[in-house]
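**Student:** Sequence:
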Amino acid sequence: MIKQLLMSLTFIMLLLTSCTTAQDDAQASPSTTVTEAQAEIDTPITQNDQQTLPSAVAVEIQAKMDALTAGALPPGMVVWIDAPGYRFEGASGSANLADGTPMSPEGAFRIGSITKMFTATVIMQLVEEGVLTLDDPLAQWLPEVAEELPYGDQITLRHLLTHTSGLFNVVEHESYYADLFTEMVVDEATGNVTLDCVARDPNDTLARYVYGKE
Numbered sequence: 000m001i002k003q004l005l006m007s008l009t010f011i012m013l014l015l016t017s018c019t020t021a022q023d024d025a026q027a028s029p030s031t032t033v034t035e036a037q038a039e040i041d042t043p044i045t046q047n048d049q050q051t052l053p054s055a056v057a058v059e060i061q062a063k064m065d066a067l068t069a070g071a072l073p074p075g076m077v078v079w080i081d082a083p084g085y086r087f088e089g090a091s092g093s094a095n096l097a098d099g100t101p102m103s104p105e106g107a108f109r110i111g112s113i114t115k116m117f118t119a120t121v122i123m124q125l126v127e128e129g130v131l132t133l134d135d136p137l138a139q140w141l142p143e144v145a146e147e148l149p150y151g152d153q154i155t156l157r158h159l160l161t162h163t164s165g166l167f168n169v170v171e172h173e174s175y176y177a178d179l180f181t182e183m184v185v186d187e188a189t190g191n192v193t194l195d196c197v198a199r200d201p202n203d204t205l206a207r208y209v210y211g212k213e
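Residue numbers for the sequence shown follow numbering that gives the first Met the number 0, beginning at 0 and rising by one.
Keep in mind the hints are simulated off the structure, nothing from the lab. Keep in mind that a hint or two might mislead.
[Stated by the list, open to error] Calculated lysine to any residue pairs in the SDA-like style (CA-CA distance at most 25 Å, straight line): (1) K115 with W79; (2) K115 with R157; (3) K63 with V77; (4) K115 with T132; (5) K63 with M123; (6) K63 with I110; (7) K63 with L96; (8) K63 with L52; (9) K115 with Y150; (10) K115 with L125; (11) K115 with P149; (12) K115 with E105; (13) K63 with P53; (14) K63 with Y85; (15) K115 with L72; (16) K63 with I122; (17) K115 with P53; (18) K115 with L52; (19) K115 with G129; (20) K115 with A145; (21) K115 with D152; (22) K63 with A82; (23) K115 with P136; (24) K115 with T161; (25) K63 with I113; (26) K115 with G151; (27) K115 with I80; (28) K115 with T100; (29) K63 with G92; (30) K115 with L96; (31) K115 with L133.
With these hints in hand, go ahead and build the complete structure from the sequences.
**Tutor:** Quick look at the structure:
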């Protein structure tokens, strides 16, 4: 923000300077100067231009992270802040409880359901662009998935985004944890067990989950 403000002020000064120069020197080219100034303003801030957060802010963030990891959970965490003009990379706790390896900012984590936010954001962008609508049936975009699901022809994108599709949460099924890496993989591939669990009518059984209803 500060950099862009300074660039804007520079642009104004260049405009004023070009006008004065044009009066004093017939060979001057104000349009060229203005174009170069505008190009500089439009240049995005690069990673090299980014500064670290003020030390007091960084210390406060790190202290809060350390306070959280001091308990049993979570054992470790990574925090990245990437804001216009500023960046913070911090880590706290352990990456490996067995050998006490400390966490580093490069530590990798499973992000789990965070992917739902990415997917929902892209879907809403496509809605704005008119590519699809929230009431499109799942079968329109993922027919191979819809045909394997009970009531798959009734499930819409809106159902999926609002968790009102009637699909069973497979991680709640006892066999999911009983044999996570073999039984559930086979069941999903053959369409058994998992699909038996999702046989719920989204327009009936889960109607109580529709927003606005008590």
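**Student:** Confirm or reject each hint.
**Tutor:** Outcome of the hint check:
Proposed proximity of K115 and W79 is supported: the alpha carbons are some 20 Å apart, at most 25 Å. A threshold of 25 Å between alpha carbons decides the hint, and for K115 with R157 the separation of about 13 Å falls inside it, so the pair holds. Proposed proximity of K63 and V77 is supported: the alpha carbons are some 12 Å apart, at most 25 Å. A threshold of 25 Å between alpha carbons decides the hint, and for K115 with T132 the separation of about 18 Å falls inside it, so the pair holds.
Annotation: proposed proximity of K63 to M123 is violated, straight-line Cα distance about 34 Å (limit 25 Å). Taken as a hint, the K63 and I110 pair is honoured in the structure, with Cα atoms around 21 Å apart against an allowance of 25 Å. For a cut-off of 25 Å, the pair hint linking K63 to L96 stands: about 20 Å separates their Cα positions. Annotation: proposed proximity of K63 to L52 holds, straight-line Cα distance about 15 Å (limit 25 Å).
Distance check on the hinted pair: K115 and Y150 sit about 22 Å apart at the alpha-carbon level, within 25 Å; holds. Taken as a hint, the K115 and L125 pair is honoured in the structure, with Cα atoms around 15 Å apart against an allowance of 25 Å. About 22 Å separates the Cα atoms of K115 and P149, which keeps this hinted pair within 25 Å; it holds. Proposed proximity of K115 and E105 is supported: the alpha carbons are some 23 Å apart, at most 25 Å.
Our distance criterion of 25 Å between C-alpha atoms is met by K63 and P53, whose separation comes to about 16 Å. A threshold of 25 Å between alpha carbons decides the hint, and for K63 with Y85 the separation of about 19 Å falls inside it, so the pair holds. Simply put, K115 and L72 have alpha-carbon atoms about 24 Å apart, close enough for the 25 Å limit, and the pair holds. Distance hint between K63 and I122 is unfulfilled; the C-alpha atoms sit about 35 Å from each other, more than 25 Å.
Using a Cα cut-off of 25 Å, the hinted pair K115 and P53 is violated, with the two alpha carbons roughly 33 Å apart. Note on K115 and L52: the hinted pairing is violated, with a Cα-Cα distance of about 30 Å set against a maximum of 25 Å. For the hint linking K115 to G129, the alpha-carbon distance of about 21 Å falls within 25 Å, and the restraint holds. Distance hint between K115 and A145 is fulfilled; the C-alpha atoms sit about 19 Å from each other, no more than 25 Å.
Straight-line distance between C-alpha atoms of K115 and D152 comes to about 22 Å, which keeps the hinted pair within the 25 Å bound. Restraint check: the Cα-Cα separation between K63 and A82 comes to about 19 Å, which is no more than 25 Å; the hinted pair holds. Distance hint between K115 and P136 is fulfilled; the C-alpha atoms sit about 18 Å from each other, no more than 25 Å. Between K115 and T161 the alpha-carbon distance is near 11 Å, which keeps this suggested pair within the 25 Å criterion.
A threshold of 25 Å between alpha carbons decides the hint, and for K63 with I113 the separation of about 22 Å falls inside it, so the pair holds. The straight-line distance between the Cα atoms of K115 and G151 is roughly 20 Å, inside the 25 Å bound, and the hint therefore holds. Our distance criterion of 25 Å between C-alpha atoms is met by K115 and I80, whose separation comes to about 21 Å. About 31 Å separates the Cα atoms of K115 and T100, which puts this hinted pair outside 25 Å; it is violated.
Restraint check for K63 and G92: satisfied, since their Cα atoms lie roughly 12 Å apart, inside the 25 Å limit. Of the pairs offered as hints, the one joining K115 and L96 is violated, with about 29 Å between alpha carbons and a cut-off of 25 Å exceeded. For the suggested pair K115 and L133, the alpha carbons sit about 15 Å apart, so the restraint of at most 25 Å is met.
Comparing the model with each numbered hint stated earlier shows that hints 5, 16, 17, 18, 28, 30 do not hold.
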